[in-house]
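Kindly produce the complete structure, drawing on both the sequences and the hints.
Residue numbers (the working numbering), protein chains in the order written: chain A, 1 to 488; chain B, 1 to 315.
Read the hints as simulated data drawn from the structure, not as lab findings.
Don't take every hint at face value.
Here are the simulated DSSO-like pairs of lysine-lysine, each with C-alpha atoms no more than 30 Å apart in a straight line [unchecked claim]: (1) B:LYS52 x A:LYS183; (2) B:LYS3 x A:LYS183; (3) B:LYS3 x A:LYS452; (4) A:LYS183 x A:LYS457; (5) A:LYS185 x B:LYS52; (6) B:LYS52 x B:LYS304; (7) B:LYS4 x A:LYS447.
Partner residues aside, some chain A positions facing chain B, computed with beta carbon under 8 Å [to be verified]: (8) LEU198; (9) THR391; (10) ASN395.
Each residue gets a CB set at the ideal place from its N, CA and C atoms; glycine is no exception.
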Amino acid sequence: MLFNSYEFIFAFLPVTFFIYFILNKNGFSRTSKSFLVLSSLFFYSWWNILYLPLILISMLFNYIIGNILSKPQTKKFTTLSKKPVLIFGIISNLSLLGYFKYSDFFIENLNTVFQIDVELINLALPLAISFFTFQQISYLVDSYKQETKEYDLLSYALFVTFFPQLIAGPIVHHKEMMPQFSKEKNNRLNYQNVAIGLFIFSIGIFKKVIIADTFAIWATQGFDVATTLNLFEAWGASLSYTFQLYFDFSGYTDMAIGAALLFNIKLPINFNSPYKALSIQDFWRRWHMTLSRFLRDYIYIPLGGNRKGEIMTYNNLFLTFLIGGIWHGAGWTFIIWGSLHGLALMIHRIWSLLNLKLWQWFSWFLTFNFINITWIFFRAKDWDSAIKVLTSMFNYNYIVLPEQIEKYLSFLKKYDLNYGNFLWNISGDHWTIIWIFVGIILTTGFKNSMEKLTAFKPTVYNAIFTSLALFYVFISLDVESEFLYFNF
Amino acid sequence: MHKKFIISTLSITTGFYLLYSYFVLNHKMLYMDREYPMWLYTKNMATTKSNKKYNLLAVGDSRLKAGFIPVNNNLTSSLNLSLGGGTPIEGYYTLSKYLLNNPAPNHLVLSYVPGHLLSFSNYWKRTIPFDFITAKEHDEIMNRALQYNESALLSKTREYADYKYPNTYASNFKNGIVGARWLINDSVLKKIQLSNGHYFFGTNDFANGLSGDAFRKEFKPLPLQTYYFIELIKLAKKNKIKLHFYYMPYNQSTFEKLAPNFVKQFKSFIETISKKHNMKICNDFFYMSNDKFGDPSHLYHGAKENTEMVYQCIV
Chain A
1 MLFNSYEFIF AFLPVTFFIY FILNKNGFSR TSKSFLVLSS LFFYSWWNIL YLPLILISML
61 FNYIIGNILS KPQTKKFTTL SKKPVLIFGI ISNLSLLGYF KYSDFFIENL NTVFQIDVEL
121 INLALPLAIS FFTFQQISYL VDSYKQETKE YDLLSYALFV TFFPQLIAGP IVHHKEMMPQ
181 FSKEKNNRLN YQNVAIGLFI FSIGIFKKVI IADTFAIWAT QGFDVATTLN LFEAWGASLS
241 YTFQLYFDFS GYTDMAIGAA LLFNIKLPIN FNSPYKALSI QDFWRRWHMT LSRFLRDYIY
301 IPLGGNRKGE IMTYNNLFLT FLIGGIWHGA GWTFIIWGSL HGLALMIHRI WSLLNLKLWQ
361 WFSWFLTFNF INITWIFFRA KDWDSAIKVL TSMFNYNYIV LPEQIEKYLS FLKKYDLNYG
421 NFLWNISGDH WTIIWIFVGI ILTTGFKNSM EKLTAFKPTV YNAIFTSLAL FYVFISLDVE
481 SEFLYFNF
Chain B
1 MHKKFIISTL SITTGFYLLY SYFVLNHKML YMDREYPMWL YTKNMATTKS NKKYNLLAVG
61 DSRLKAGFIP VNNNLTSSLN LSLGGGTPIE GYYTLSKYLL NNPAPNHLVL SYVPGHLLSF
121 SNYWKRTIPF DFITAKEHDE IMNRALQYNE SALLSKTREY ADYKYPNTYA SNFKNGIVGA
181 RWLINDSVLK KIQLSNGHYF FGTNDFANGL SGDAFRKEFK PLPLQTYYFI ELIKLAKKNK
241 IKLHFYYMPY NQSTFEKLAP NFVKQFKSFI ETISKKHNMK ICNDFFYMSN DKFGDPSHLY
301 HGAKENTEMV YQCIV
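Below, the structure is given as structure tokens:
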């Protein structure tokens with residue numbers, strides 16, 4: 001069930017909301033929690049009920065392992081004797097993820113390297129597997145470090161399955177979720193949270209349905225359909241994807257935060273105007289922040305972080321982002337994308353150590369373009385598509401200018417510049433240019449939705465804005481489109 | 001304060017939605033494309049009671065709509081009820097409703113480009129969204145489609161009921177509001193009313209592009225379109241209307257690209273029906289020079305000349 005679907009907005013969400021609070025009001029707080037878990041599992045099963053056993057088994061397995069690990073140390077049961085249990089837990093989780101996500105990639109590469117013909121398994125990727133696996137690995141590690149309490153199964157189940165964050169994050173941490181689930185105050189309907197939830201949900205769905213899905217048309221044409229692209233089409237396609245991804249994913253996160261707030265649960269912030277970033281390090285502090293937190297706490301720091309000398313720091317940075325790339329998908333394009341970001345972070349570290357400075361506008365320009373270009377590898381379905389877009393962006397021999405300006409700039413023809421429908425191959429027109437400018441302005445010149453959430457006041461202006469956004473979205477829901485991060 | 005915010009937000013949203021629903025379902029002139037007023041005119045002329053008897057009624061597709069300019073004077077009167085993208089299905093319902101509400105004309109001129117007997121592409125784009133036919137008529141059509149196993153119409157992605165649902169019109173509505181279509185539609189309707197149903201589509205001085213038939217290799221009419229074409233003829237005959245089929249001209253560029261086999265098959269189809277149902281064929285396949293066309297399919301400068309040829313046919 002998608003957040004941007006009729007069944008979610010008009011059936012699932014209101015029904016779950018009302019039953020949950022009716023149960024709580026009548027003193028059935030434990031039943032209400034069970035109901036929320038069941039609703040979340042129903043929400044998950046809506047896509048494919050066949051994967052329901054998978055999430056249930058994963059949840060139970062990690063709960064048992066986590067409980068073993070979190071038991072107080074005794075003479076018999078020391079940290080040392082717990083380590084194999086932790087390793088077993090992590091390997092089991094990674095094996096599950098690896099089997100579903102990376103088997104075919106592994107076989108394909110094996111076939112290429114050894115010139116053999118092993119048949120692909122062709123498994124469909126179970127929804128949310130990357131997210132709930134990471135979430136539970138962090139739980140196991142913290143249990144091992146004695147940083148978790150002995151949670152009851154119901155709370156743990158809610159931590160894993162709570163529907164607003166289940167499918168595509170934010171990747172929540174047990175420390176920030178479990179106390180909220182057990183807080184008595186959160187069982188009561190809170191109008192302030194409902195108002196803010198509604199407000200932020202409307203912003204999120206507007207971002208997705210109106211903005212991201214508009215950019216999607218040009219990005220899809222440019223990356224997947226067009227066989228050739230002129231310089232403007234290539235830039236149009238890459239920038240469209242850059243904005244599509246941000247508005248899609250941050251829109252999803254806003255909806256998740258909004259939906260969770262209806263139940264008095266505060267999910268962590270996941271985006272903080274990433275395209276305002278002035279360096280690659282700054283970008284990763286603003287983009288998919290809960291993933292960055294996971295990578296830092298459970299990969300970079302355990303690898304040694306910056307504690308083992310300068311060379312090892314570079315190594316750890318690179319490895320962390322390489323793993324980040326692989327986490328996003330089984331493909332060489334993701335590996336390249338992760339590696340490029342790892343390299344950029346290494347260069348940024350050297351740059352910082354040398355204490356070199358750049359003009360602020362130039363830092364932004366450089367960072368934004370680096371991100372825009374690396375998203376090409378992230379988006380392209382294969383290497384050839386990535387190279388098609390990338391080379392076209394710098395192919396100065398194939399430039400088509402808008403026919404509307406031909407009469408003013410006809411002298412440019414002698415430089416082999418053509419006039420015509422300059423965005424034809426990406427199904428674009430002058431609106432594409434306008435939307436790209438709107439994208440730049442919205443992402444760099446305005447407060448983001450989290451800043452708006454913090455400053456929210458129940459004013460008439462906000463009520464009208466929310467109503468208009470919701471209205472516009474409701475009439476645009478006719479075509480359902482999935483969120484990009486559902487693929488990861 | 002927050003409770004008030006929630007209630008007012010939900011109320012305003014509901015209010016907007018109800019208002020939107022009312023307008024999209026009841027005032028399609030506000031936002032549909034410019035084909036809508038043309039179809040609306042034909043529908044209104046067919047369903048409004050009148051005692052005016054026309055000498056000539058033209059029923060066909062957009063080529064006839066653009067290429068036949070009805071003349072109304074002391075000697076003759078004519079009406080053009082052709083439809084852009086119209087097929088024999090719409091033609092049949094136009095004539096049947098027209099005859100229920102108006103005196104039968106003396107002559108009926110029919111003209112369809114072969115392509116319009118090969119698909120139902122406009123049925124879900126215009127016929128249903130423009131409310132051109134009733135639910136009962138739609139059921140009749142679908143029953144016939146079942147009878148003929150007309151998969152092209154039966155394998156639809158939408159139902160008739162979907163078009164009674166406001167969100168179906170959302171993208172039309174958005175485009176209509178952004179493009180201020182109500183102004184365009186109002187002017188189109190006025191033009192059509194003044195010209196007894198005639199409308200120019202393309203208005204360029206020259207059109208050397210190719211229309212769809214240039215790319216077709218063979219003519220295999222859909223059984224359901226054939227059925228309605230024959231029903232249309234039978235209906236005219238039953239009402240003692242003199243029947244004429246007129247081949248509209250192609251522009252020269254298209255004509256030169258027409259596949260001989262395609263032309264032969266279409267002509268044979270028309271001739272067979274003509275013989276069986278006593279329908280006069282006015283002319284042969286022909287072309288006019290590209291400068292008579294306003295776009296690759298529709299006459300502009302050549303419309304008057306073509307109109308004269310239509311009149312010569314009924315004399």
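Exercise for the section: Below or equal to 30 Å on CA atoms is what counts here, so check LYS185 (chain A) against LYS52 (chain B). Expected result: violated (78 Å)
Practice task
With a cut-off of 30 Å on the C-alpha distance, tell me whether LYS3 (chain B) and LYS183 (chain A) pass.
Solution key: Given pair LYS3 (chain B), LYS183 (chain A) holds - Cα atoms ~22 Å apart, limit 30 Å.
Exercise for the section: With a cut-off of 30 Å on the C-alpha distance, tell me whether LYS52 (chain B) and LYS183 (chain A) pass. Expected result: The hint is violated at about 80 Å.
Handout entry: Interface hint status, ASN395 (chain A) versus chain B (Cβ within 8 Å)
Key = Violated, about 30 Å.
Handout entry: Pairwise hint evaluation, LYS304 (chain B) against LYS52 (chain B), where the allowed Cα distance is 30 Å at most
Key = OK: LYS52 (chain B) and LYS304 (chain B) at ~24 Å, within 30 Å.
Exercise for the section: Let me know if the C-beta of THR391 (chain A) comes in closer than 8 Å to any C-beta of chain B, holds or violated. Expected result: Violated: closest Cβ of chain B sits about 33 Å from THR391 (chain A), beyond 8 Å.
Problem - Given hint LYS452 (chain A) paired with LYS3 (chain B) - CA-CA distance at most 30 Å - result: Status holds; Cα separation ~19 Å.
Exercise for the section: Mind checking the alpha carbons of LYS4 (chain B) and LYS447 (chain A) for me, to see if they're no more than 30 Å apart? Expected result: Satisfied, since the Cα-Cα distance of roughly 25 Å is no more than 30 Å.
Practice task
Report holds or violated for the interface hint on LEU198 (chain A), using the least CB-CB distance to chain B and a cut-off of 8 Å.
Solution key: Check passed: Cβ of LEU198 (chain A) comes within 6 Å of chain B, closer than 8 Å.
Practice task
Take the C-alpha atoms of LYS183 (chain A) and LYS457 (chain A), compute the straight-line distance between them, and say whether it is at most 30 Å.
Solution key: With Cα atoms ~25 Å apart, LYS183 (chain A) and LYS457 (chain A) stay inside 30 Å; holds.
Hints 1, 5, 9 and 10 from the earlier list are contradicted by this structure; the remaining hints agree with it.
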